[in-house]
Amino acid sequence: MGCGASKAPPSDEQPPPMEHRPSKEDTIEAVAIVVFQLIDVNEDGTIDIGEARKILTTIETEENARDFISTYDLDRSGMITQDEWVTYFSSMAESIGYSDALRLLKGLVQDIRDKESSCEPSTKA
Numbered sequence: 763m764g765c766g767a768s769k770a771p772p773s774d775e776q777p778p779p780m781e782h783r784p785s786k787e788d789t790i791e792a793v794a795i796v797v798f799q800l801i802d803v804n805e806d807g808t809i810d811i812g813e814a815r816k817i818l819t820t821i822e823t824e825e826n827a828r829d830f831i832s833t834y835d836l837d838r839s840g841m842i843t844q845d846e847w848v849t850y851f852s853s854m855a856e857s858i859g860y861s862d863a864l865r866l867l868k869g870l871v872q873d874i875r876d877k878e879s880s881c882e883p884s885t886k887a
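For the sequence shown, this note's numbering assigns the number 763 to the initial residue and increments by one for each residue that follows.
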């Protein structure tokens, strides 16, 4: 057999079972990271008040933005790091359940999509 070639299993054999399926913890972490990256529009590794207001439709005032930041800003630096974000959602998943934590993250994604779609007509010329 050549380099990179592999022997296909006989057609009557089933492929081996997947050895590693992502754990619930890994899934929450992966989804939390993706959502964080969607909000961190300047890609500096933090979410600040300006990014929160630009991206999330539910944040309409400066006070809402401060509340949002303070919820996830575990070290009280005024910004949310990716580690803080993941830690928050991992802890939340343990306390309220993985399904509910994923539902909250999906809600944030929907909020981002809603904000983007409300901005689309003004960006087309």
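Some hints here could point you the wrong way.
What the hints assert, rightly or not - BS3-like, lysine-lysine: derived pairs with alpha carbons at most 30 Å apart: (1) Lys816 - Lys868; (2) Lys868 - Lys786; (3) Lys786 - Lys877; (4) Lys877 - Lys816.
To be verified - Just the calculated beta-carbon pair ranges, DEER-fashion: (5) Ser839 - Gln799: 17 to 27 Å; (6) Pro784 - Ile858: 29 to 39 Å; (7) Val871 - Gly807: 26 to 36 Å; (8) Gly812 - Ser861: 26 to 36 Å; (9) Asn804 - Asp876: 36 to 46 Å; (10) Ile858 - Val796: 15 to 25 Å.
Keep in mind that the hints were calculated from the coordinates and are not lab data. Note that the Cβ used here is the ideal one computed from N, Cα and C, for glycine as well.
Against the structure, the hints come out as follows:
Only pairs whose Cα atoms come within 30 Å are accepted, and lysine 816 paired with lysine 868 is accepted, the gap being roughly 18 Å. Distance restraint check for lysine 868 and lysine 786: the Cα-Cα separation of roughly 15 Å lies within the 30 Å cut-off, and the hinted pair is therefore satisfied. Our distance criterion of 30 Å between C-alpha atoms is met by lysine 786 and lysine 877, whose separation comes to about 29 Å. With a CA separation close to 8 Å, the supplied pair lysine 877 and lysine 816 stays within the 30 Å bound.
For the hinted restraint 17 to 27 Å between serine 839 and glutamine 799, the CB-CB distance of approximately 19 Å keeps it satisfied. One distance hint, 29 to 39 Å for the beta-carbon pair proline 784 and isoleucine 858, is violated here, with the actual separation near 20 Å. The hinted window of 26 to 36 Å between valine 871 and glycine 807 is violated, with their beta carbons roughly 20 Å apart. For glycine 812 and serine 861, the Cβ-Cβ distance of about 32 Å falls inside the hinted range of 26 to 36 Å, so the restraint holds.
Restraint check, asparagine 804 to aspartate 876: a C-beta distance of roughly 21 Å breaks the suggested window 36 to 46 Å. Isoleucine 858 and valine 796 have their C-beta atoms about 20 Å apart, which keeps the hinted 15 to 25 Å range intact.
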